[in-house]
Amino acid sequence: MAFAAFGSGGPGAAVDQAPRRRSWVALVLLLPGLAYLALFFLTPFVSLILTSLQTPVEFGDVGQFQQAFKIENYALVVQQYWPHFLRAFGYALAATFFALVISYPLAYFIGVKARPWPLIQALMLTLVIAPFFISFLLRTLAWKALMSDETPVVQALKALSIIPSDGHLTGTAFSVIFGLTYNFIPFMTLPLYTTLERLDTRYLEAGSDLYAAPATTFWRVTVPLSMPGVVSGTLLTFIPAAGDYINASASFLGSAQTQMVGNVIETNFLGLLDYPAASALSVLLMGIILLLVGLYVKRSGTEDLL
Amino acid sequence: MRFSLGKWLLPVYSALALIFLLIPIGYTFVFSFNNSLKSNVQWVGFTFDKWLHVCDAQGVCAAFGTSILVGIIATVIATALGTLMAIALVRYKFRARSAISLLLFLPMATPEVVLGAGLAAQFLSAGVPKGLVTIIIAHALFCLSFVVVTVKARVASLDPALEEAGRDLYGSPGQVFWRITFPLLLPGIIAAALLSFALSFDDFIITRFNNGGVETFPIFVYTAAARGVPAEANVVASAVFLLALIMVIVAQTTSAARRKRLAKLTL
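Chains as they are written, first to last, in the numbering used here: chain A, 1 to 306; chain B, 1001 to 1267.
Think of the hints as simulated: they come from the structure by calculation, not from any bench. Since we're looking at a predicted model, the values are computed, not measured. Incorrect hints may appear among the rest.
With a straight-line cut-off of 30 Å between C-alpha atoms, the simulated DSSO-like cross-links for lysine-lysine are [stated by the list, open to error]:
hint, chain 1, residue 1, chain 2, residue 2
1, B, 1093, A, 298
2, A, 113, B, 1007
3, B, 1093, A, 113
4, B, 1130, A, 70
Output of the computed footprint for chain A on chain B, the stretches with three or more beta carbons under 8 Å from beta carbons of chain A [stated by the list, open to error]:
hint, region
5, 1018–1030
6, 1093–1105
7, 1113–1123
8, 1138–1144
9, 1243–1253
The beta-carbon is built from N, C-alpha and C at its ideal position, and this holds for glycine as well.
Construct the entire structure; sequences and hints are all you get.
Below, the structure is given as structure tokens:
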């Protein structure tokens, strides 16, 4: 089933099935895929790092650069675009939090409460992944239309002066975080569902047998047991959300004031043809994400949970 | 959890959450029947015309065709390479195995914008013109890891004794693979291929960095978003949605039926 891709994953997940034997066969099987990854995944990283150190060709056209070791490029992009980094990680963090809060009860219901009715479980899971089947861009545009100034909801909010009468719902940090949250809820719900579905309910009964309040059982038993799902769900949401630029782009839910790192990478690479700046931004984004993810996985102690 | 309204709180919440997830889908579907002219923001009136004449809007059908073509070729490449890798990673033990698993995990942990910019930087420095080929290369790359993860789960659940039996009966390695291993892996391979096609079909960010002038369906929507997306795009998206939904429901009911049959057999 396709859901498997969201549930498991990560290195070392394979079960030992066979002893070491005929490793040349393994090499033959691996070689085409490894060559592909080396050529189109590892070398692009090298290209990205090399490009990030390039300097403009003297008297050259826009977009003409030569190899150099211009490490100042990094200082320049940090100086110019640090607010975009803050926004990217701030929005992604907020969206991850909201997606977790919204998804957990839903995943709990599907995975634990709905167990006696497999058909309902299957139907609800299908509905959770349903947004995947409709274009990512169109569903974001749908929210833009639903949040536009003429819709009854926005009119009502204005009448209640929750938003000022000349204000808008789209183009704000709220709409961008809303869009990110919406778009990544399935990525959060599926891994949560996979762990909660395997939760042994006898532990919960043991909790109540020992006179624990339902809330205590939830925090002391259910949550720790579902940690692997929480970790993979938050990672599957945070990483793509931090690099996303559709939700924050002005023709979707954002505005010039909500631009994230992804937006400036796109503008620099495809619009301004400033390849070194775009590459330096990409290298920094990747570096920060790897650092954060490494710390997070270490802190959440998933090693011993896996 | 026993709240006072505990019995109803969670089901009602779950239903509301699912409705929330479906709102934009409903919107897209409803507006595929909108009798709009160019931009499809205001509701004008109900019509079937957009469904009957999808290709009338300039570029919609061409972009859709390109997406299908890219999706098929990228899926074939990713599924072939990924299946071989998955078999090797589960069935053989060797020193570099965990390093290779990490290498396969990394593309999934890389933000799309970095993957896209990296490939674009490489094509630029190698002087490769961007176009259909570069889109396919990029799509096959990000699908590969998902294929390996999906097929790996299937290989791991396969009983090696079945292949041993084949070898004991003097089956050649080729025969054992094609008559035993491959048919048993097929459901996993099909799931991986479908996932990979779906990922490719909906990809925008990586495509945007490597498309040259070529328009896939998401690129078409993005370009049109600035001036208003035509209702025909909603028709295409809704049709794809319905088709995918039907496929998932059929797959789930047949697998449920198979499980029932198996349960009867073992009883």
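Hint by hint, here is what the structure shows:
no., hint, verdict
1, B:1093 x A:298, "holds (27 Å)"
2, A:113 x B:1007, "holds (10 Å)"
3, B:1093 x A:113, "violated (40 Å)"
4, B:1130 x A:70, "holds (27 Å)"
5, 1018–1030, "holds (count 9)"
6, 1093–1105, "holds (count 10)"
7, 1113–1123, "holds (count 9)"
8, 1138–1144, "holds (count 4)"
9, 1243–1253, "holds (count 5)"
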